[in-house]
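Q: Take these sequences, add in the hints, and give me the full structure.
There are 2 protein chains.
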Amino acid sequence: MSEVYAARRERLRERSSAGGSATALVSRPANVRYLAGAVPHGAVLLLGMDEDVLVCADPLDEQSADARPDQALRVQTLPAPGGDCAVAAAGLAAAQGAESLAVEEHHLTVARHRALGSVAPRLRLGDLGTAVEQLRLIKDEEEISLLRIGAEIADQALSELLESILVGRTERHLALELERRLVDHGADGPAFTTSVATGPNAGRRGHRPTDRRVEEGDFLSVCLGAAYRGYRCEIGRTFVIGTSPADWQVELYDLVFAAQRAGRQALVPGAACREVDRAARQVLDSAGYSEGLAPTTGHGVGLEIDEDPRLAPSAMGKLDACVPVTVEPGVHLPGRGGVRIDDTLVVRPEADGGPELLTITTKELLAL
Amino acid sequence: MSEVYAARRERLRERSSAGGSATALVSRPANVRYLAGAVPHGAVLLLGMDEDVLVCADPLDEQSADARPDQALRVQTLPAPGGDCAVAAAGLAAAQGAESLAVEEHHLTVARHRALGSVAPRLRLGDLGTAVEQLRLIKDEEEISLLRIGAEIADQALSELLESILVGRTERHLALELERRLVDHGADGPAFTTSVATGPNAGRRGHRPTDRRVEEGDFLSVCLGAAYRGYRCEIGRTFVIGTSPADWQVELYDLVFAAQRAGRQALVPGAACREVDRAARQVLDSAGYSEGLAPTTGHGVGLEIDEDPRLAPSAMGKLDACVPVTVEPGVHLPGRGGVRIDDTLVVRPEADGGPELLTITTKELLAL
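The listed protein sequences derive, respectively, from chains A and B. For the first sequence, the residue numbers in full-length UniProt numbering are 1 to 368. For the second sequence, the residue numbers in full-length UniProt numbering are 1 to 368.
No lab work stands behind these hints, which were simulated from the structure alone. None of these values were measured; they are calculated from a predicted model. Using N, Cα and C, we set each Cβ at its ideal position, and we do this for glycine too. Hints may be right or wrong, so weigh each one.
Across the chosen pairs, the derived CB separations fall in these ranges [said to hold, decoys possible]:
#	chain 1	residue 1	chain 2	residue 2	range
1	A	97	B	288	38 to 44 Å
2	B	18	A	91	52 to 58 Å
3	B	229	A	314	47 to 53 Å
4	B	184	A	19	49 to 55 Å
A: Laid out in structure tokens, this is it:
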């Protein structure tokens, strides 16, 4: 794997040099992990003049085994505890003779940025912008295979839950049960706070589980994901509790299903992100649900659960092959509940069979 | 509760005015929650010229019930989704006629700070510093009672775990089991990632649970906490697995216990934070364990699990009454394991009985 990280750093160095900075400081944790293979707590990565250095707050032998960085990197620990690795890295850059250092202005706070300026007053601080996030957009097959395993784990956890008795159990308990099953099947942990929403809560995006119990006739919507070796996927499904769903439930489900399918079918290399959003959104719009829709119908996933690209009306840019995204439209009717359907897919050319569905749990409306 | 939040905002307004800014923008989530009673996702609080405004990214009816802010606050939602509430708040301040706005430079990123400057170019941006964090240091009795309930929940979850069979189970499973029990007993959720460490991992600070299974003769150290209505506490204990601990285990345990007791006994109003740290640290030092000790022996708790004050050799400041802190020295011997003992206590005057221990699980060395 070491060559992978070295190649990523090399691509970043080219971008940074093209932007006028011979050195760069990466502080956003997911970005450090992407370039260094691991991100010990508080660590930052310096792409230096002479060599690249991972500056860590604590000695590595105090870190967990899964926090081992790329062995090709020099690792330096802060001389005194409690310091800021970014400030130390700026000092290193200055000591290496650098004149300019590109930093992640969208991640560094004003106070930290000022501290960098104080420790290395002659260093011109530039902006690296979201250069690393842009490198992270298109995944290699190794990254996709980690997402695929994560999705399998989430599918499995969900399928086991569906076999158990649900009526009378609280949202909180079902969420914890799902998280336990994720770990049972090999996840590092949940990719994000598992959402379980019943009755009037169902279909609410990002709903935090409450003590409400599952009742007959409820919609039940769940959204969960596994983190697997750092990579995070997402699946969301909505079910009905009881033998036969009400007419309004079937209608609403079919509508959201149609919107989600339209979004999935729009996932082709070269498609504008806003067009994918529109494909899903207009199905809901034309049925009269334009009010109260979520601002996005999907987003990229990877080392973070919510990363670029964004599938939204104002989104810029186009999709590329090998970009994993969620497609997750939903409708929530205040007081009644609603439906969300959410898959993680990888954009693939039509010649390769079109979008690759990672989360394969059925999207039929199941009555549980 | 509304008067409580209004009074907190009034105290902050006084500090901000004294610093030369008639208006202030609070963006750090725990600080927003402290002053507004809730922090809907992405929300910021403007202490304005005319009135205080909670600027939210989404309409409140899309938020969970536990995210309801102080009803005395005006709530404003962003006109378009995807915007930055802090930028909108700066625009509001300018529209109210403010000339200066104090912001949290230790929380706002360089990029957001610049966006504030662009939307309101005539507004002089100052630094609010850690004014809200300083207000949060001393807790009122209502806050302490929430911490007390959280500590009871954690004690209960831990005591139930101790009654179950441990040998053969993995760190990950035990951690999840503890988190489930926290929720069972009424916690919002875990206050932080539960740490379960066995054998050679035992005693490592912040150890992330692995697939290692509990074995006879192991040290087992656990650290957990409940979040209860936003307030977070912490308890850590170390046990021995099997009928009788080895001599080195008893010795190490007694030593850490003595250090932790010395730290607890040093918790008096007016004590220097570094003296509390020293009280605990010198016990370990004088037994030859000065190398590899954690940089702090304790820290404040409240709306965040790790807040001021810091009990460390370089810490400034003194303890006040009604400040809740952890006391958590530990020793980890690489390859062998170790011991951590961690309590949450509230500093109280001697006349009131001295430090109030919130986490009451026994600190005898139990063989499980």
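Q: If a hint holds in the structure, say so; if it doesn't, say that too.
A: Comparing the hints with the structure gives:
no., hint, verdict
1, A:97 to B:288: 38 to 44 Å, "holds (42 Å)"
2, B:18 to A:91: 52 to 58 Å, "violated (35 Å)"
3, B:229 to A:314: 47 to 53 Å, "violated (37 Å)"
4, B:184 to A:19: 49 to 55 Å, "holds (53 Å)"
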